[in-house]
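All chains should be modelled from the sequences, with the hints used to inform the complete structure.
Protein chains: 2
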Amino acid sequence: MKKLINGVETVLRESLDGFCAAHSDIVVLGEDHKFVRRRALKPGKVALVSGGGSGHEPLHVGFVGHGMLDAACPGQVFTSPTPDQMLAAAEAVDQGAGVLYVVKNYEGDVMNFEMAAEMASGTVATVVTNDDVAVEASSFSTGRRGVAGTLVVEKVVGAAAEAGADLASCQALGERVNARTRSMGIALTSCTVPAAGTPTFSLAEDEMEMGVGIHGEPGRRRVKLMPAREIADEMVAAILGDFGADASGEALLLVNGFGGTPTMELYLMYDNARKLIERRGIRITRSLVGNYVTSLEMAGCSLTVTLLDEEIARHWDAPVHTAALRWGM
Amino acid sequence: MKKLINGVETVLRESLDGFCAAHSDIVVLGEDHKFVRRRALKPGKVALVSGGGSGHEPLHVGFVGHGMLDAACPGQVFTSPTPDQMLAAAEAVDQGAGVLYVVKNYEGDVMNFEMAAEMASGTVATVVTNDDVAVEASSFSTGRRGVAGTLVVEKVVGAAAEAGADLASCQALGERVNARTRSMGIALTSCTVPAAGTPTFSLAEDEMEMGVGIHGEPGRRRVKLMPAREIADEMVAAILGDFGADASGEALLLVNGFGGTPTMELYLMYDNARKLIERRGIRITRSLVGNYVTSLEMAGCSLTVTLLDEEIARHWDAPVHTAALRWGM
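Protein chains in written order, with our numbering: chain C, 4 to 332; chain E, 4 to 332.
Calculated directly from the structure, the hints in this document are not laboratory data. Be careful, since some hints might not be right.
It does not matter which identical chain is meant; a pair holds if it fits inside one copy or across any two.
[To be verified] Below, a list of computed lysine to any residue pairs in the SDA-like style, where the Cα atoms sit at most 20 Å apart:
(1) Lys5 x Pro221
(2) Lys45 x His324
(3) Lys278 x Leu32
(4) Lys48 x Pro322
(5) Lys5 x Ser205
(6) Lys48 x Ala95
(7) Lys48 x Thr126
(8) Lys5 x Pro202
(9) Lys45 x Thr126
(10) Lys5 x Leu206
(11) Lys5 x Phe204
(12) Lys5 x Thr195
(13) Lys45 x Glu94
(14) Lys278 x His36
(15) Lys278 x Gly244
(16) Lys5 x Thr203
(17) Lys227 x Gly10
(18) Lys5 x Met229
Rendered as structure tokens:
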């Protein structure tokens with residue numbers, strides 16, 4: 004295992020220390036490294052809290068700040084955070100208008116966030132994201148997995164909460180954005196969890212995984228490496244096919260790198276995917292390309308499409324000031 | 004070779020098409036893919052033009068926009084752009100106040116930018132960056148290599164130009180920032196140039212390259228993989244030792260990923276490096292952590308330290324609106 008670490012026990016702690024020191028204008032580290040919270044809380048605002056296993060950075064800690072999350076709970080690598088982390092985070096950021104948990108659909112995360120919600124003294128609502136069209140169930144999830152589309156939910160609902168939306172409205176908006184969002188990923192290489200020390204899976208030099216999950220879980224099938232255009236074509240077909248007749252109008256296209264793919268290739272995939280989507284009569288009017296929901300150093304990428312409407316587009320465009328997403332301020 | 008491409012001949016073109024489509028609010032693609040220029044040019048402003056081999060994205064095309072570059076010329080992967088690209092870019096963005104070329108110190112780039120400057124009809128000045136303390140000369144350079152510190156020069160001079168500084172002032176400021184900037188890099192794995200098809204170099208499973216260049220060129224020596232703290236210690240010692248007695252006051256710390264290292268590890272390196280630097284009495288008051296000056300999918304990172312003064316800090320903080328760096332607007 005080749006990693007820039009001092010020991011597998013201290014990876015998460017040292018990484019969080021570095022993150023919070025580098026972005027001390029935006030975030031504060033919670034006690035015992037339980038959570039990262041927004042430095043400037045906004046009285047009366049619905050508080051957005053997310054979290055999950057680490058190794059997907061910048062998700063979620065990189066999305067804490069004005070216009071997005073109020074707190075994020077980092078678990079160990081690819082391991083759910085504990086209910087007491089979520090409870091501590093919620094109590095630290097609750098401003099009297101309730102707390103909305105944004106949870107990716109994995110059994111551990113869903114169960115722990117449910118327990119935290121039951122233990123909470125304040126009002127809590129939850130949105131579970133499940134945007135991955137690759138498989139209907141997986142090793143870690145009942146039902147579809149929540150992947151890069153979670154970023155879109157957090158950005159859009161974060162803007163609505165910042166603008167004063169109440170808890171029920173934020174929850175309904177989050178569910179609506181999730182319902183209008185579809186993703187699919189592919190991997191060219193595996194990733195190595197520090198505590199495991201060996202690659203999660205293996206792929207031959209001429210193979211790729213079509214429909215991979217963000218922990219390296221199996222997707223639809225293992226195939227021979229294909230040209231970018233054919234890969235994009237299969238991903239776009241899966242995503243748009245899943246939308247069915249609803250797919251029209253304007254859309255957001257997110258090309259998300261898994262951590263080990265060069266930026267050049269991500270923009271090349273964007274070029275191929277965008278042309279394929281626009282050929283189906285959907286106009287890409289919002290774009291994001293980069294490493295946002297990663298799987299450590301896995302090579303590969305995912306495509307995410309969100310069908311926009313006026314409200315979703317307006318909240319996407321609204322100012323955001325986090326470590327990983329920043330515009331308008 | 005495992006890459007998301009359609010063919011080695013079209014990688015650069017398709018990637019640039021995707022980049023310019025994704026950021027069409029900020030940039031315009033020049034004729035024949037010769038350059039990427041800022042969409043909204045500012046009359047009377049000194050024009051900043053940079054460029055170099057591709058494969059280092061987001062450098063330089065990702066830094067085109069308000070407050071940074073006016074144009075960037077992308078060569079083929081790890082290959083200098085041609086003088087006619089630089090000339091075309093300069094002519095497209097010259098607003099009557101002259102053009103400043105920012106050039107990384109590699110023989111091919113320096114020679115081609117010199118030829119372009121000689122062919123220019125307008126006034127041209129040049130700043131050559133050479134911030135890499137690892138080696139005094141390399142396979143591609145006479146004298147020190149220009150690496151991630153180039154980003155700092157482009158940001159600071161870009162802000163000065165935006166604020167109305169004239170050509171001589173921009174050039175002097177660029178040279179001053181370069182003189183106050185030092186970098187060093189390390190690699191855990193190689194990278195693969197698409198046209199070559201095989202890794203540029205090879206490292207055993209327990210080896211790393213100390214002082215690596217951004218094309219995978221050799222550094223100081225090949226050593227056994229060390230803990231992050233020891234790696235950071237050697238890099239910080241090399242950088243601060245090179246500054247000598249001048250190293251005091253406030254500094255900017257950039258931890259730059261080479262493309263294949265997870266964000267978690269970059270923040271862990273930041274944590275280790277920051278503590279080591281502050282122990283020497285230098286205060287880190289500006290920070291940047293991420294993949295900014297990459298070497299395709301190489302695993303590893305570089306540290307860059309810029310000694311700040313009031314002018315440099317002010318220009319660093321000034322608003323910037325590019326694909327890869329954005330704040331204050």
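These are the hints, each one checked on the structure:
1. Taking the closest pair of Cα atoms, Lys5 and Pro221 come within 20 Å of each other only across two copies (19 Å); inside a single copy the shortest separation is 24 Å, beyond that limit.
2. For a Cα distance limit of 20 Å, the shortest separation of Lys45 from His324 inside one copy, 14 Å, qualifies, whereas the shortest one across copies, 27 Å, does not.
3. Taking CA atoms no more than 20 Å apart as the test, Lys278 paired with Leu32 passes between copies only; the shortest distance there is 17 Å, against 42 Å inside one copy.
4. When the C-alpha separation of Lys48 and Pro322 is checked against a cutoff of 20 Å, the pair qualifies only within one copy, where the shortest distance is 16 Å, while the shortest distance between copies is 28 Å.
5. Proximity of Lys5 and Ser205 under a CA criterion of 20 Å is satisfied in both settings, with 16 Å inside one chain copy and 14 Å between copies.
6. Taking the shortest Cα distances, Lys48 and Ala95 sit within 20 Å of each other inside one copy (13 Å), while across copies they are farther apart (48 Å).
7. Proximity of Lys48 to Thr126 under the C-alpha cut-off of 20 Å is restricted to the intra-copy arrangement: shortest distance 13 Å within a copy versus 54 Å between copies.
8. Proximity of Lys5 and Pro202 under a CA criterion of 20 Å is satisfied in both settings, with 11 Å inside one chain copy and 17 Å between copies.
9. In this assembly of identical chains, the alpha carbons of Lys45 and Thr126 lie at most 20 Å apart only when taken from the same copy (17 Å versus 51 Å across copies).
10. Taking the closest pair of Cα atoms, Lys5 and Leu206 come within 20 Å of each other both inside a single copy (18 Å) and across two copies (11 Å).
11. In the homo-oligomer, the alpha carbons of Lys5 and Phe204 lie at most 20 Å apart both inside one protomer (16 Å) and across protomers (16 Å), since each shortest distance falls under that limit.
12. For a Cα distance limit of 20 Å, the shortest separation of Lys5 from Thr195 qualifies both inside one copy, at 9 Å, and across copies, at 18 Å.
13. Taking the shortest alpha-carbon separations for Lys45 and Glu94, only the intra-copy value of 14 Å comes in at or below 20 Å, while the best inter-copy value is 49 Å.
14. In this assembly of identical chains, the alpha carbons of Lys278 and His36 lie at most 20 Å apart only when taken from different copies (18 Å versus 44 Å within one copy).
15. For a Cα distance limit of 20 Å, the shortest separation of Lys278 from Gly244 inside one copy, 16 Å, qualifies, whereas the shortest one across copies, 51 Å, does not.
16. Taking CA atoms no more than 20 Å apart as the test, Lys5 paired with Thr203 passes in both settings, with 14 Å inside one copy and 18 Å between copies.
17. Proximity of Lys227 and Gly10 under a CA criterion of 20 Å is satisfied inter-copy only: 16 Å between copies versus 36 Å inside one chain copy.
18. Taking identical chains as interchangeable, the C-alpha atoms of Lys5 and Met229 lie at most 20 Å apart only when they sit on different chains, with a minimum of 10 Å there against 28 Å within one chain.
Every hint, counting from the list given before, is met by this structure.
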